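To convert, count from 1 in the sequence shown and add 7; that's the working numbering.
These are calculated hints, taken from the structure and not from any lab test.
Here the structure is a predicted model, which is why all the values come from computation and not from measurement.
Just so it is clear, CB atoms sit at the ideal spot from N, CA and C, and this is done for glycine as well.
A couple of the hints might just be wrong.
To be verified - Pair by pair, the computed Cβ-Cβ distance ranges are:
{"#": "1", "residue 1": "101", "residue 2": "46", "range": "16 to 22 Å"}
{"#": "2", "residue 1": "33", "residue 2": "96", "range": "16 to 22 Å"}
{"#": "3", "residue 1": "34", "residue 2": "10", "range": "29 to 35 Å"}
{"#": "4", "residue 1": "26", "residue 2": "85", "range": "20 to 26 Å"}
{"#": "5", "residue 1": "48", "residue 2": "10", "range": "26 to 32 Å"}
{"#": "6", "residue 1": "9", "residue 2": "31", "range": "19 to 25 Å"}
{"#": "7", "residue 1": "42", "residue 2": "81", "range": "21 to 27 Å"}
{"#": "8", "residue 1": "54", "residue 2": "94", "range": "24 to 30 Å"}
{"#": "9", "residue 1": "47", "residue 2": "98", "range": "17 to 23 Å"}
{"#": "10", "residue 1": "13", "residue 2": "36", "range": "18 to 24 Å"}
{"#": "11", "residue 1": "31", "residue 2": "10", "range": "32 to 38 Å"}
{"#": "12", "residue 1": "97", "residue 2": "48", "range": "18 to 24 Å"}
{"#": "13", "residue 1": "9", "residue 2": "99", "range": "17 to 23 Å"}
{"#": "14", "residue 1": "21", "residue 2": "84", "range": "16 to 22 Å"}
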Amino acid sequence: RAGLPSGHMPGSRNVPSASLVGDDGTMLDPAALRATFARAGVDGTRPVVTSCGSGVTATILTLGLLRAGLPPGAVYDGSWTEWAGRPDTVKETD
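Sequences and hints are given; from them, build the entire structure.
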């Protein structure tokens, strides 16, 4: 996002929302979703907060968690726009 530093929140995992849908544009079946989340280290044993650039596509991730049978956690609606804009937050760049 213009005017914001690059990076990510500490402890975050990258699961692009596009990885939750098939070639036909529909959401993957529950087993495939669980496998996608598992590859990112999300297995339902720890709380999840979904985020993105502005909070919109984070809702797709939450829907994917629900469809996969995993605890949905919460949506951080401020997402990276809010986090990166605050001087008191840690931004990781690795």
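Index of numbered hints that the structure contradicts, given in increasing order
2, 6, 10
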